[in-house]
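Following my numbering, the numbering of the sequence shown begins with 648 at its first residue and continues without gaps.
Derived from the structure by calculation, the hints contain no laboratory data.
Wrong hints could be hidden among the right ones.
Unchecked claim - Derived pair list, reagent style DSS-like, types lysine-lysine, alpha-carbon separation capped at 27 Å:
hint : residue 1 : residue 2
1    : 815       : 842
2    : 766       : 724
3    : 815       : 765
4    : 765       : 731
5    : 776       : 724
6    : 776       : 765
7    : 724       : 655
8    : 815       : 766
9    : 731       : 842
10   : 778       : 731
11   : 766       : 655
12   : 815       : 778
13   : 766       : 778
14   : 765       : 778
15   : 724       : 765
16   : 655       : 731
17   : 724       : 815
18   : 724       : 778
19   : 842       : 765
20   : 766       : 731
21   : 815       : 731
22   : 766       : 776
Predicted model, so just to flag it, every value in this text is computed and none were measured.
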Amino acid sequence: MIGRLRGKLVVKRAPQLLVDVGGVGYEVEAPMSTFYNLPELGEDVVLHTHLVVREDAQLLYAFASEAERSFFRNLIKINGVGAKMGLAILSGMSFDAFARCVRENDVASLVRLPGVGKKTAERLIVEMKDKLEAKAESGLPQVEHAAPVAAHDPISDAVSALVALGYKPNEASRMIRAVSCDGLASEEIIREALKGAAG
Numbered sequence: 648m649i650g651r652l653r654g655k656l657v658v659k660r661a662p663q664l665l666v667d668v669g670g671v672g673y674e675v676e677a678p679m680s681t682f683y684n685l686p687e688l689g690e691d692v693v694l695h696t697h698l699v700v701r702e703d704a705q706l707l708y709a710f711a712s713e714a715e716r717s718f719f720r721n722l723i724k725i726n727g728v729g730a731k732m733g734l735a736i737l738s739g740m741s742f743d744a745f746a747r748c749v750r751e752n753d754v755a756s757l758v759r760l761p762g763v764g765k766k767t768a769e770r771l772i773v774e775m776k777d778k779l780e781a782k783a784e785s786g787l788p789q790v791e792h793a794a795p796v797a798a799h800d801p802i803s804d805a806v807s808a809l810v811a812l813g814y815k816p817n818e819a820s821r822m823i824r825a826v827s828c829d830g831l832a833s834e835e836i837i838r839e840a841l842k843g844a845a846g
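Work the whole structure out from these sequences, hints included.
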């Protein structure tokens, strides 16, 4: 099991990252909550990882904190919630917002996330309630925005990232159109689009 990576950040193109660890490049996928905390390209980064081994692939998911990874692991234990949906949940709302949805049985907010239907939202609320109460003291740190590095066309990158997170292409384009994109890097556009979708 690969549990942690420390190396140079070579590529960041949401939701994919490439981290050079001693000359070996690790391709990982990360939620937007992790992207907002990433350093500049070429700088050192430490990521907590979760390895998923399938018949056709080995996938590595990366998180800025152990708390985020723990939350992701709890999510993917729930029937019907895979790694892709786990990333979408972590990208689409903060831990505090998710905890509020669970406490208040707010199915409507959860179904706004890509791939989350009513039954899955109800299952998330039921199965995460006890886990969240047990971890109420620790919680997840609030994600502060780190200045991202713009690469290629920020709008195209933002649309691609939303599609990778589970939104349909036309839905991703609509979400981006609702954002004033002038001068914003792709991570900032994604963040504003996700805020709009959650609102």
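Checklist entry - Any hints this thing doesn't respect? Which numbers, in order? => result Numbers 7, 11 and 12, in rising order.
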